[in-house]
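Throughout the sequence shown, residue numbering follows this note's numbering, covering 1 to 188 in sequence.
Where hints are given, some of them may not hold.
Claimed, not checked - Distance ranges between label pairs, derived from CB positions:
id : residue 1 : residue 2 : range
1  : Arg124    : Thr170    : 15 to 23 angstroms
2  : Pro184    : Asn111    : 14 to 22 angstroms
3  : Ala23     : Asn111    : 20 to 28 angstroms
4  : Arg124    : Gln155    : 17 to 25 angstroms
5  : Pro166    : Gly98     : 35 to 43 angstroms
6  : Pro2      : Gly76     : 18 to 26 angstroms
7  : Gly76     : Gly98     : 36 to 44 angstroms
8  : Ser63     : Asp185    : 34 to 42 angstroms
What the hints assert, rightly or not - The calculated SDA-like cross-link candidates involving lysine to any residue, where the alpha carbons are at most 25 angstroms apart (straight line), are:
id : residue 1 : residue 2
9  : Lys110    : Leu164
10 : Lys135    : Gly98
11 : Lys135    : Arg186
12 : Lys135    : Gly121
13 : Lys135    : His159
14 : Lys135    : Tyr72
15 : Lys110    : Thr170
16 : Lys110    : Asp128
17 : Lys110    : Ala167
18 : Lys135    : Asp20
19 : Lys110    : Thr50
20 : Lys135    : Tyr120
21 : Lys110    : Gln155
22 : Lys110    : Ala158
23 : Lys135    : Arg161
24 : Lys135    : Pro184
25 : Lys135    : Thr4
26 : Lys135    : Arg52
27 : Lys110    : Ser24
28 : Lys135    : Glu102
29 : Lys110    : Gly140
30 : Lys110    : Gly121
31 : Lys135    : Arg64
32 : Lys110    : Pro184
33 : Lys135    : Trp106
34 : Lys110    : Val56
35 : Lys135    : Ala53
36 : Lys110    : Tyr29
37 : Lys135    : Ser122
38 : Lys110    : Glu125
39 : Lys110    : Tyr120
40 : Lys110    : Trp178
Everything labelled a hint here was simulated from the structure, so no lab data went into it.
For each residue, glycine too, the CB sits at the ideal point set by N, CA and C.
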Amino acid sequence: MPLTTHQLWMVSLSAPVSRDRSASRTTLYPFTRIDDDGARRWLAEQWGITSRAELVDRLDDLSRTGYRARAYRLTGISPLAWDAALYVDISRRGFGCGLLDEADAWTALKNIVPSVVGTYGSWREYADHYLLGRKVWQDGLRGTPDAGFGAPQAQADAHLRSLLDPANRTSPWNQAPWTTISHPDRPR
C-alpha cells in the first residue's frame, strides 16, 4: 500500500542518513529488500540497541537533546535536523527488525514532526542543519577508534545536493515538498 503524503514526508526526514543502494527512502521499511537481520545487526553494532526498551530510550534521548546539545555548546546552533534524521532512521530500522510494530513506528515518526516543522521552513534549511550536526558529530570522533566512521563529508554533501536537486524525480523531498506536512493528508 503506498504511503500517504504525510507518511512519505515523515519517512523523508531520514533521507540524508542512508546513501547506499539498499536503502529505501519512500517506504516505512528501511530497505529495498527484506533484511530484518541487517536492521537488527546495525542497531546493535552502531547504537547498542538490542531491545525495544533500549530503542525507546535512544529515541527519547534524540528527541529531547541528542547531539544538538553538544553542537550548541560548540557553535551556538542547535541542529535538530541531525537528531531528527537519526531518530527517523532508528525508528524505521526498529520497525524493520520487529522492535516496533507498524503503528508504534508511525507514532514515533509523528512525535518528531512538530519540533521539525517548528524549527525549519524548507528541506534546504533542514539539509543545512543536518550537515552542521553531521560535521560536529564527525569532529567529535577525531582521535577516537571511530574516527574513520561515516562517509567523507564530500559524499554527504553530494547526497544532499541530489536530494535537493529539483530535477531529481526520485528524491523523496521532491515527491513530498516541505509544505506537504502543513496541508491535509491524502493518498499519493
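Structure-based check of each hint:
In this structure, Arg124 and Thr170 meet the distance hint of 15 to 23 angstroms, their C-beta atoms being roughly 18 angstroms apart. For Pro184 and Asn111, the Cβ-Cβ distance of about 20 angstroms falls inside the hinted range of 14 to 22 angstroms, so the restraint holds. Distance hint check: the CB atoms of Ala23 and Asn111 are about 22 angstroms apart, consistent with the given range 20 to 28 angstroms. At about 19 angstroms, the beta-carbon gap between Arg124 and Gln155 stays in the expected band of 17 to 25 angstroms.
In this structure, Pro166 and Gly98 meet the distance hint of 35 to 43 angstroms, their C-beta atoms being roughly 37 angstroms apart. At roughly 42 angstroms, the beta carbons of Pro2 and Gly76 sit outside the given window of 18 to 26 angstroms. For the pair Gly76 and Gly98, the beta carbons lie near 41 angstroms from each other, so the given range of 36 to 44 angstroms is met. For Ser63 and Asp185, the Cβ-Cβ distance of about 22 angstroms falls outside the hinted range of 34 to 42 angstroms, so the restraint is violated.
A hinted pair counts as satisfied when its Cα atoms are at most 25 angstroms apart, and Lys110 with Leu164 qualifies at roughly 23 angstroms. Simply put, Lys135 and Gly98 have alpha-carbon atoms about 31 angstroms apart, too far for the 25 angstroms limit, and the pair is violated. For the suggested pair Lys135 and Arg186, the alpha carbons sit about 36 angstroms apart, so the restraint of at most 25 angstroms is broken. Between Lys135 and Gly121, the direct Cα distance comes to roughly 21 angstroms. Compliance with the 25 angstroms bound is thereby established for this hinted pair.
Distance restraint check for Lys135 and His159: the Cα-Cα separation of roughly 15 angstroms lies within the 25 angstroms cut-off, and the hinted pair is therefore satisfied. Restraint check for Lys135 and Tyr72: the C-alpha separation of about 13 angstroms stays at or below 25 angstroms, so the hint holds. A hinted pair counts as satisfied when its Cα atoms are at most 25 angstroms apart, and Lys110 with Thr170 qualifies at roughly 23 angstroms. Distance hint between Lys110 and Asp128 is fulfilled; the C-alpha atoms sit about 22 angstroms from each other, no more than 25 angstroms.
Using a Cα cut-off of 25 angstroms, the hinted pair Lys110 and Ala167 is violated, with the two alpha carbons roughly 28 angstroms apart. With a C-alpha separation of about 20 angstroms, the suggested pair Lys135 and Asp20 falls inside the 25 angstroms cut-off, and the hint holds. Our distance criterion of 25 angstroms between C-alpha atoms is met by Lys110 and Thr50, whose separation comes to about 23 angstroms. A hinted pair counts as satisfied when its Cα atoms are at most 25 angstroms apart, and Lys135 with Tyr120 qualifies at roughly 19 angstroms.
The straight-line distance between the Cα atoms of Lys110 and Gln155 is roughly 29 angstroms, outside the 25 angstroms bound, and the hint therefore fails. Taken as a hint, the Lys110 and Ala158 pair is broken in the structure, with Cα atoms around 28 angstroms apart against an allowance of 25 angstroms. Simply put, Lys135 and Arg161 have alpha-carbon atoms about 16 angstroms apart, close enough for the 25 angstroms limit, and the pair holds. Between the alpha carbons of Lys135 and Pro184 the distance comes to roughly 35 angstroms, so the proposed pair goes past 25 angstroms and is violated.
With a C-alpha separation of about 33 angstroms, the suggested pairing of Lys135 with Thr4 is violated against the 25 angstroms cut-off. Of the pairs offered as hints, the one joining Lys135 and Arg52 is violated, with about 29 angstroms between alpha carbons and a cut-off of 25 angstroms exceeded. A threshold of 25 angstroms between alpha carbons decides the hint, and for Lys110 with Ser24 the separation of about 19 angstroms falls inside it, so the pair holds. Restraint check for Lys135 and Glu102: not satisfied, since their Cα atoms lie roughly 32 angstroms apart, outside the 25 angstroms limit.
With a C-alpha separation of about 30 angstroms, the suggested pairing of Lys110 with Gly140 is violated against the 25 angstroms cut-off. With a C-alpha separation of about 17 angstroms, the suggested pairing of Lys110 with Gly121 holds against the 25 angstroms cut-off. Note on Lys135 and Arg64: the hinted pairing holds, with a Cα-Cα distance of about 20 angstroms set against a maximum of 25 angstroms. Under the criterion of a C-alpha separation no larger than 25 angstroms, the hint pairing Lys110 with Pro184 is consistent with the structure, at around 14 angstroms.
Taking the CA atoms of Lys135 and Trp106, the gap is near 29 angstroms; set against the 25 angstroms cutoff, the hint is violated. Under the criterion of a C-alpha separation no larger than 25 angstroms, the hint pairing Lys110 with Val56 is consistent with the structure, at around 14 angstroms. For the suggested pair Lys135 and Ala53, the alpha carbons sit about 29 angstroms apart, so the restraint of at most 25 angstroms is broken. Of the pairs offered as hints, the one joining Lys110 and Tyr29 holds, with about 16 angstroms between alpha carbons and a cut-off of 25 angstroms not exceeded.
A C-alpha spacing of about 20 angstroms is found between Lys135 and Ser122, which places the hinted pair at or below 25 angstroms, so the restraint holds. Restraint check for Lys110 and Glu125: satisfied, since their Cα atoms lie roughly 20 angstroms apart, inside the 25 angstroms limit. Between Lys110 and Tyr120 the alpha-carbon distance is near 16 angstroms, which keeps this suggested pair within the 25 angstroms criterion. With a CA separation close to 15 angstroms, the supplied pair Lys110 and Trp178 stays within the 25 angstroms bound.
Of the numbered hints stated above, those contradicted by the structure are hints 6, 8, 10, 11, 17, 21, 22, 24, 25, 26, 28, 29, 33, 35, listed in ascending order.
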